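Novice: Residues per chain are reported as follows:
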Amino acid sequence: MAPPLSERNTENLWSLTGVHFGYNGTPVLRDVSLKLRAGQCTGILGPNGSGKTTLLDLLAGLQTPQAGTIEFLGRPLATWPKKQLARLLALVPQDFMVRFGFSVREVVEMGLHPHLHRFATPSEADRALIDRALAATGIAALADRPVTRLSGGEKQRVAVARALAQQPTVLLLDEATSNLDIHHSLELLHLIRDRFERQAMQVVAVMHDLNLAAFFCDHLIFLKEGQVVCQGPTEEVLTPATIGTVYGVEAEVTANAFTNCRQVSFRLPAAP
Amino acid sequence: MSGRIALAWMLPLAAALVFGVALSATLGYLDVSIPDVFAILFAKLHGQTMPAGIDPVAATVVADVRMPRILAAVLVGGLLGVSGAVFQAILLNPLADSYTLGISTGAAFGASLVIVLQIFGLVLPPGVTIPIFAFGGGAGTLAVVLFLAAGDRRLSSTSLILAGVIVAAILSAAIGFLKFLADEQVGLIVFWLMGSLAGASWANILLLAPAALAGTLVAVLYSRDLNIMATGDRAATSLGVNTVRLRLVLLAVATLMTALAVSVSGIIGFVGLIVPHMLRHLVGPDNRALIPLSFFIGGLLLLIADTLTRAVLPVEVPIGVLTALLGGPFFCFLFKKRQRDGATAF
Numbered sequence: 001m002a003p004p005l006s007e008r009n010t011e012n013l014w015s016l017t018g019v020h021f022g023y024n025g026t027p028v029l030r031d032v033s034l035k036l037r038a039g040q041c042t043g044i045l046g047p048n049g050s051g052k053t054t055l056l057d058l059l060a061g062l063q064t065p066q067a068g069t070i071e072f073l074g075r076p077l078a079t080w081p082k083k084q085l086a087r088l089l090a091l092v093p094q095d096f097m098v099r100f101g102f103s104v105r106e107v108v109e110m111g112l113h114p115h116l117h118r119f120a121t122p123s124e125a126d127r128a129l130i131d132r133a134l135a136a137t138g139i140a141a142l143a144d145r146p147v148t149r150l151s152g153g154e155k156q157r158v159a160v161a162r163a164l165a166q167q168p169t170v171l172l173l174d175e176a177t178s179n180l181d182i183h184h185s186l187e188l189l190h191l192i193r194d195r196f197e198r199q200a201m202q203v204v205a206v207m208h209d210l211n212l213a214a215f216f217c218d219h220l221i222f223l224k225e226g227q228v229v230c231q232g233p234t235e236e237v238l239t240p241a242t243i244g245t246v247y248g249v250e251a252e253v254t255a256n257a258f259t260n261c262r263q264v265s266f267r268l269p270a271a272p
Numbered sequence: 001m002s003g004r005i006a007l008a009w010m011l012p013l014a015a016a017l018v019f020g021v022a023l024s025a026t027l028g029y030l031d032v033s034i035p036d037v038f039a040i041l042f043a044k045l046h047g048q049t050m051p052a053g054i055d056p057v058a059a060t061v062v063a064d065v066r067m068p069r070i071l072a073a074v075l076v077g078g079l080l081g082v083s084g085a086v087f088q089a090i091l092l093n094p095l096a097d098s099y100t101l102g103i104s105t106g107a108a109f110g111a112s113l114v115i116v117l118q119i120f121g122l123v124l125p126p127g128v129t130i131p132i133f134a135f136g137g138g139a140g141t142l143a144v145v146l147f148l149a150a151g152d153r154r155l156s157s158t159s160l161i162l163a164g165v166i167v168a169a170i171l172s173a174a175i176g177f178l179k180f181l182a183d184e185q186v187g188l189i190v191f192w193l194m195g196s197l198a199g200a201s202w203a204n205i206l207l208l209a210p211a212a213l214a215g216t217l218v219a220v221l222y223s224r225d226l227n228i229m230a231t232g233d234r235a236a237t238s239l240g241v242n243t244v245r246l247r248l249v250l251l252a253v254a255t256l257m258t259a260l261a262v263s264v265s266g267i268i269g270f271v272g273l274i275v276p277h278m279l280r281h282l283v284g285p286d287n288r289a290l291i292p293l294s295f296f297i298g299g300l301l302l303l304i305a306d307t308l309t310r311a312v313l314p315v316e317v318p319i320g321v322l323t324a325l326l327g328g329p330f331f332c333f334l335f336k337k338r339q340r341d342g343a344t345a346f
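So the sequences go chain by chain: V and P.
Just so we're aligned: 180 in the working numbering is position 180 of the first sequence, and the numbers increase by one with no gaps anywhere.
Just so we're aligned: 141 in the working numbering is position 141 of the second sequence, and the numbers increase by one with no gaps anywhere.
Read the hints as simulated data drawn from the structure, not as lab findings.
Treat the hints with care, since some could be wrong.
[Unchecked claim] Result set (SDA-like, lysine to any residue): computed pairs, CA atoms no more than 20 Å apart in a straight line: (1) V:83 <-> P:233; (2) P:337 <-> V:149; (3) V:224 <-> V:198; (4) V:82 <-> P:337.
[As the list claims (entries may be wrong)] Residues of chain P clear of chain V, computed beta-carbon distances all greater than 12 Å: (5) 221; (6) 284; (7) 304.
[To be verified] Simulated DEER-style distance windows between Cβ atoms: (8) P:12 <-> V:140: 28 to 38 Å; (9) P:242 <-> V:23: 18 to 28 Å; (10) V:124 <-> P:199: 32 to 42 Å; (11) P:159 <-> V:84: 47 to 57 Å; (12) V:17 <-> P:158: 29 to 39 Å; (13) P:185 <-> V:82: 28 to 38 Å; (14) V:235 <-> P:242: 36 to 46 Å; (15) V:232 <-> P:282: 55 to 65 Å.
These numbers come from a predicted model, not from an experiment.
The beta carbon of each residue, even a glycine, is placed where N, CA and C say it ideally should be.
Please take these sequences and the hints and turn them into a complete structure.
Specialist: Dropping the structure here:
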């Protein structure tokens, strides 16, 4: 089990300084300096191609920056052994594709990989953990189905169940609700929010839907063209001005009594 | 769970294999009974003289002619089965095997080259030259394929298969040219390209057995990582799997296994493709069960095929032709059946 972070809530999870990253010379992230703190659900927002997923890959250690430094829990990210990192960080990718007909349970069990010795078989406690992850994500009834036959939304929930089985200190979500209907999106975000509040599982989520982000995140980071435009507590930075700068739309942000969080409506700016 | 599946299948399969080997040794031009086969092998292994009542000719036939060939069939089948399972798991493609990567074609090119060089008067020690060149051809092809695919730093399966297909196409043309050069003696190349276990010797067994054991062990060691690879590179890396190293190590191991098998038997198609594919239908895709079982099923299938062509059929059909004739239609059946079942075909 990863050490709980609850008692050191204000600690930096990540600290990025002057990070540059590009694919084949095309810059994707430029001079990104950020601190991501524990004790808050952090959302990464921005238009298509603004570098959100790349930033998440850098945080997860899946890519290395071409310039700049990334520290995770006070230690350079590149020096963390991959296996140890996998015990602390779980990633839910955007499109979770499984190529062979593994059963749902088998896929969720893979979440135990970083915790198990090469030849170890899952213990009784491990199996209970898998059962809980299946139940929490509402896919217990699908446990024996081949994952290749599931719908996109069901697959997405398998990916989340596997990440939960990984027992991470930090959960990284890459548009994890993009394939889900509104009911399942809310259910999933509630479940993750609950793990955050009660078990201090930290969350960094790339989000597309501003309203879901307003409901889910305490802290937002806005990216545009590979640079951080602004960041801060949701109620401070989720403003018409920010949304206008980042997305180029006119927006109205209201405190909604029905949902008890901020809601955004938008329209294209009127032609001059 | 998979451990239990593997064990539950492995014991009966191992028993079937032993029985199959013994039964196959009784079959042929000379009839020998099963107890006699065991007596001959027991005496041979312990360096004792043959017990009275056993025909010395039968003893020689069983111990020095049939046994090496039978064991070579089992080992070559096992090597092809395991390497096929590994290739399919690494390339995330149930249609992948040593052909898709061009490795078999590379080995065939190496062997054909030697044959043509010998026709043109190059004197080389016979027994070892073809295996060495076949092996070099296979390994060299993998090196070229890896080099071509390496522009893509993640070594994705698409670029590997594409590189394999390109290299195989070039090598096929080169083999065609070698056949043309061989002129009237083209039969030598053709026979080798069609595969045969007729020339297997105890020296081959000493080469194949440790390779089969070591290769299968390495593949089993990484089988859980291979399972995770099926869920994509990003997801696998975030679970602590070093995907690039895993691909390199297992590609090298599977290539060595294929090249060794090809260097002894010539090209025997469809075993590496069909065995893991069929097993996936029976026991599921978990590589922890699939890889060891592929060895047993591959060995058993090739033993049956070789025994058919050696002792049952009136004329010895090249074994590569037999496996393709039997395996091909079976594969077509599987392919159609999966389409009917509504699953995306592959």
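Novice: Please go over all the hints and tell whether each is borne out by the structure.
Specialist: Hint-by-hint comparison with the structure:
1. Taken as a hint, the residue 83 (chain V) and residue 233 (chain P) pair is honoured in the structure, with Cα atoms around 15 Å apart against an allowance of 20 Å.
2. Between residue 337 (chain P) and residue 149 (chain V) the alpha-carbon distance is near 16 Å, which keeps this suggested pair within the 20 Å criterion.
3. Between residue 224 (chain V) and residue 198 (chain V) the alpha-carbon distance is near 33 Å, which puts this suggested pair outside the 20 Å criterion.
4. As the CA atoms of residue 82 (chain V) and residue 337 (chain P) are separated by approximately 42 Å, the hinted pair breaks the 20 Å bound.
5. Remark: the non-interface label on residue 221 (chain P) conflicts with the geometry, its nearest Cβ contact in chain V lying 7 Å away (cut-off 12 Å).
6. Consistency note on residue 284 (chain P): stated as away from chain V, yet its beta-carbon is not over 12 Å from all of that chain's, at 7 Å minimum.
7. The non-interface label for residue 304 (chain P) is consistent with chain V: the shortest C-beta to C-beta separation is roughly 27 Å, beyond 12 Å.
8. Between residue 12 (chain P) and residue 140 (chain V) the C-beta distance comes to about 34 Å, which sits within the given range of 28 to 38 Å.
9. Hint check: residue 242 (chain P) to residue 23 (chain V), Cβ distance near 21 Å, so the stated range 18 to 28 Å holds.
10. A beta carbon spacing of about 54 Å between residue 124 (chain V) and residue 199 (chain P) contradicts the range 32 to 42 Å that was offered as a hint.
11. Hint check: residue 159 (chain P) to residue 84 (chain V), Cβ distance near 30 Å, so the stated range 47 to 57 Å is violated.
12. Restraint check, residue 17 (chain V) to residue 158 (chain P): a C-beta distance of roughly 36 Å satisfies the suggested window 29 to 39 Å.
13. Our hint of 28 to 38 Å for residue 185 (chain P) and residue 82 (chain V) is violated, since their Cβ atoms are close to 55 Å apart.
14. Judged by the Cβ atoms, the range 36 to 46 Å given for residue 235 (chain V) and residue 242 (chain P) holds: they are separated by roughly 42 Å.
15. Separation of residue 232 (chain V) from residue 282 (chain P) is about 57 Å and conforms to the stated range, judged on CB atoms against 55 to 65 Å.
When held up to the earlier numbered hints, the structure conflicts with 3, 4, 5, 6, 10, 11, 13 and fits the remainder.
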